[in-house]
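> The chain contents come next:
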Amino acid sequence: MQLYSPLSTTPKRKAFRAPALASIDGMRIGVLENGKLNAEEMLNEVAALFVARNGCTVRTLASKSNASAPAPSNTLVQVAQEVDFLLTGLGD
Amino acid sequence: MPAAATISPRIHEVPDDLLAAIDYCYEQGWTDGLPVVPPVVDRVKAMLAADTRPAETVIAHHPATGLDLSLHAAAVNAVMAGCLPEYFPMLVAAFEAMDRPEFNFHGSTASTGGSAPLLVVSGPYADEIGMNSDVNLFGPGNRANGTIGRAVRLILRNVFQMLPGISDKSTQGNPGKYSFCIAERSRGNPWPLLCETQGYPKGTSSVTVFAGGGFCNVENHGGNTPEQVLGSVADAMANYGCITLGQSVVILAPEHMQIIADAGWTREQAQGFLFAQARRSVDGMKGVGKYRDREYDTQHGDGAHALAEAGFVHRGLRPDDILITLGGGDAGGHSCFIPSWSRGRGSIMQHAAIANRK
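Respectively, the protein sequence lines represent chains A and B. Here this note's numbering is used: the first residue of the first sequence is 22, the next is one more, and so on. Here this note's numbering is used: the first residue of the second sequence is 35, the next is one more, and so on.
Since the hints were derived computationally from the structure, they do not count as laboratory data. Mixed in with the good hints, there may be bad ones.
Unchecked claim - When the alpha-carbon atoms are kept at most 30 Å apart in a straight line, the in silico DSS-like pairs for lysine-lysine are as follows: (1) A:Lys33 / A:Lys85; (2) B:Lys324 / B:Lys236; (3) B:Lys392 / A:Lys85; (4) B:Lys79 / A:Lys85; (5) A:Lys57 / B:Lys324; (6) A:Lys85 / B:Lys236; (7) A:Lys57 / B:Lys203; (8) A:Lys35 / A:Lys85; (9) B:Lys392 / B:Lys203; (10) B:Lys79 / A:Lys33; (11) A:Lys57 / A:Lys85; (12) B:Lys203 / A:Lys35; (13) B:Lys320 / B:Lys79; (14) B:Lys79 / B:Lys203; (15) B:Lys320 / A:Lys33; (16) A:Lys57 / B:Lys320.
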């Protein structure tokens, strides 16, 4: 008996990690919050730790209007030009 | 969706034993927990004959995983769910509708909110394939309703890899995640069918897809005015556990619909009444910890609907956020309200024509 696989026939997507920063001291931080309750507050608290401990500066706060959808590409392109690393998070 | 999948579908050779093949499907992790029909090659080809486009045609794309749904993969899962080939056009139309970014089917299937795609079929196609729009509407017993909804779940699982506990993080899930598929009742329906209001040509059927957060029975055997019946529905829509800015589906039982129609109410009047009445005070929302300035401003800021009352949070943003139609058996004052997924407008209902591509 021959059975067809029910799985997708899409080739596996290649994903790459961004290279790690050599140091975060003095870096520019972006914050991308997803609109969920307390997301902005929590991420700003985390950013404040980087400011206090590593001399970072918070340059950008971007918001997603839909927590579960990918951030719009124009948001990511803009943020990438302004910051060295981005804080974001999932969950409730 | 012009892109095409590029890897040929894999074939598994299994012993020529039906029960062993069912067990094999379990072993591969291809099921929803219930036995599936083994997707033998001949049955898949018969399913694919219901759509003349090339089998590798992509009908939906998963934004988070990058995985595509081809007609072939849809047909394999439709066979496994127990669908007949004549059901296939509706399954295809449902995924073409869910593929639109506004539906956000990644979020609505991955989320802790635990929604399930509700499919509402409208028009003559429902009768042509023998769908149930009548007694026990959301219950078991009808092959088309049961297996088309099940095929949706199997596709989400097998093609898009929305696996419970891994990528599907539903806190409590939802029985509709096995199957959540109904037909709009045309018999005795005093209002235009959904497919007509959606602007499709006469004779064209449609499927509406909605990320449904569950099922809330609305019982009222004593009310005998539209205000009483719809007041019960509005109260269900505005309960503190459900109220958000999200959309709603309301399926009125024939007994309830008769009361509303006998009073001469149109669908638009019913929608307006429900929107106006399905509300909670700002103080009440604060009392349960659910109030957010951002959401209130969305509802009451520029472009606010005239029925949005200051000092209150309504369910949805406007009356046409409420899909309302007829369904169920003749006896019983039992309508239902189906809330949207989770906390708001993360998924917007979509509809598509059910095309005959034979």
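> Look at each hint and say if it fits the structure.
Okay, the hints, checked on the actual structure:
no., hint, verdict
1, A:Lys33 / A:Lys85, "holds, 28 Å"
2, B:Lys324 / B:Lys236, "violated, 44 Å"
3, B:Lys392 / A:Lys85, "violated, 42 Å"
4, B:Lys79 / A:Lys85, "violated, 43 Å"
5, A:Lys57 / B:Lys324, "holds, 12 Å"
6, A:Lys85 / B:Lys236, "violated, 40 Å"
7, A:Lys57 / B:Lys203, "holds, 17 Å"
8, A:Lys35 / A:Lys85, "holds, 25 Å"
9, B:Lys392 / B:Lys203, "violated, 38 Å"
10, B:Lys79 / A:Lys33, "holds, 25 Å"
11, A:Lys57 / A:Lys85, "holds, 9 Å"
12, B:Lys203 / A:Lys35, "holds, 24 Å"
13, B:Lys320 / B:Lys79, "violated, 57 Å"
14, B:Lys79 / B:Lys203, "violated, 34 Å"
15, B:Lys320 / A:Lys33, "violated, 47 Å"
16, A:Lys57 / B:Lys320, "holds, 17 Å"
The earlier numbered hints that this structure contradicts are 2, 3, 4, 6, 9, 13, 14, 15.
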